[in-house]
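Single-letter residue listing:
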Amino acid sequence: MNRFVLPLAGFLLLLVVLLVGLKRAPEKSNLPSPLIGKSAPQFTLPNLFDNTQPLSTETLKGHWSLVNVWGTWCVECRAEHAALLQIKQEARVPIIGIDWKDQDEDALAWLEQLGNPYERVGTDHDGRVAIDWGVYGAPESFLISPTGTVVYKHIGAMTPQVWQHDFLPRISATTFKPPPPPTPASSSAATGPGA
Amino acid sequence: MRLAGWIWVLTLLCAGLMYAGPGAAIDTSPPLPDPRLQQRYYELTHELRCMQCQSEALADSSVSLAADLRLQVRELLLAGQSDDQIRDHMVARYGEFILFRPRMTWRNAWLWAAPTLLMGVGLLVGWRILRTRARLSDSDESGANGESLDP
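Top to bottom, those sequences are chains A and B. All residue numbers for the first sequence refer to the working numbering, where the first residue is 780 and numbers rise by one. All residue numbers for the second sequence refer to the working numbering, where the first residue is 433 and numbers rise by one.
Note that these hints are calculated values from the structure, not bench results. Heads up, some of the hints might be wrong.
What follows is a list of derived Cβ distance ranges for each label pair [unchecked claim]:
1. B/Val-441 <-> A/Glu-891: 52 to 60 Å
2. A/Pro-939 <-> B/Glu-507: 34 to 42 Å
3. A/Phe-790 <-> B/Ser-569: 26 to 34 Å
To spell it out: a stretch of chain B is covered by chain A in this simulated footprint if at least three of its residues, at any positions, have a beta carbon under 8 Å from a beta carbon of chain A; those stretches are [unchecked claim]:
4. 494-500
5. 520-527
By construction, the Cβ of each residue, glycine as well, lies at the ideal position given by its N, Cα and C atoms.
In isolation and in its complexed conformation, chain B is listed as follows (with noise of 0.2 Å):
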């Protein structure tokens, strides 16, 4: 029972720390003075990688690094430039890494094509098998069908 209790008490102190990511927040800088400003911050350090732990945003990165670049971001947005420009701006100095959604160009254009076209493929070739077994089981119905009637 004693053993139970302190199971108990373990699991609750765990589900409790898992508040404690959200709330120590990496990003603490004051919130723009526009809303509008805001949730267009919060969209670009979310899509901008942090060029030093790939994997992270800017936004969820806690190295000095990232958070130069949210400065760059915002004071690029409070200085009126449009998210495309940001985006220009961080992609001439890092290059297309440095988005998590990258750009359709002529160069990747068939990645975003390769589906449709397998795709395509795949139809072609279920349409040509059912079509040949159609064809098969008709000969075949006819041949019966002709041997059990003609006589």
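Bound conformation, chain A alone (with noise of 0.2 Å):
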């Protein structure tokens, strides 16, 4: 009974180890970004709608961002159109596009014939400011603080779904403060007049 009592331990030991290392490798299509808790890339890039102001690190400051990667030759952007163009309408954040690896008239078609979620596009015509976010697959979505820092990312296109469970909550949970409870003074003050 007891001479099994140790390599049977050593057998669940093992069982456990492996079934962690199962559990938690990352998906491959969703690795983690070593940039998130960090400031956003430092960056300056054309703007595809108006050559005099370019797009830069500078635009991200001072309100949250959802900073959106694509392309025209991209299929999954295609997907994700409408997604980022419900966020548009929610207004809560303004999307800033960084147009990767595209022509410039490719860009103003696409959201001429979809329609325009983003405040503001930047053309990265090499792939440089890309690479520098350390984006390896289109659509890539980041998440950027009022300080400029990278708060999430996601890979693949963005969903309703993943912009409420993602996305929503983290800024919330810093920003949109719920209201203080209303004093009984000032709530009778408020319905004073009415009643």
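Assembly of the complex is requested from the two constituent chains, each provided in isolation within its own frame, with the hints serving as guidance.
Next up, the structure:
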């Protein structure tokens, strides 16, 4: 009896280690970004709509923003476009586009045809800025805090579920504080004139 | 006989195709001016992963991101950066995953220690089993000897 205890314990330990390894193995398609928690990379890109106003790291400061890396050659980007338009409608954060290795005419035609969810679009013709952002598969979406910190990254098409489940809570947790509960005095004052 | 002939032709054709792969080189960029730099470029592009097609190295991948990253390796080499600086540059953007050969850190050191530890445990267990057996056979022999010699 006793002589089986040690091997059995060893086997169970191995089993636990292997199971934890399987569970925690990162999905190939959604690797954690080393940029999370760090400042967004410094960059300056020409603006697709307006040559005089470039898109840069400064554009991202002072408010939350959703940075979306896309390209007209990217099939998944077409799939996520409706979700981006919907997020624009919500008007909680501006969407900043980085048009990755694309032709300006194609990008403009695409936005003309499908609608434009972006407040600004920077054109990354040679893909250098995308590399600094650690982009490896468009579409990718980054949530940037008002201080310019990368808070979250999603690889693959944006969907309403991803937006509500992974992005919105991270914004509301820090900026949208629930209003303080009304005190009796203030509530009576508020209802006073009506009553 | 005719059939056998055709089979020979097919076999030779297929054998010829084996050379088609290396012939169509993926990295068509000209070699770096300094052969030592070229050697480092070769090694780095073989130990950095193509993030898009994740089982291929930068050197073996035909996707455009791999070409962009090869170009970046080349520029960093020409700018005089060391291999480690270039690795750090890539890890800062894409994470440790971009290295085919993971670096030893305190977090993963146990991976390196585990085989030695397990081997130690195995040797200990084996030694104990052998010792018990030896003791058993010792007592058997002495018992047998005692019985046969004593009277």
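Hint check results:
no., hint, verdict
1, B/Val-441 <-> A/Glu-891: 52 to 60 Å, "holds, 56 Å"
2, A/Pro-939 <-> B/Glu-507: 34 to 42 Å, "holds, 41 Å"
3, A/Phe-790 <-> B/Ser-569: 26 to 34 Å, "holds, 30 Å"
4, 494-500, "holds (count 3)"
5, 520-527, "holds (count 5)"
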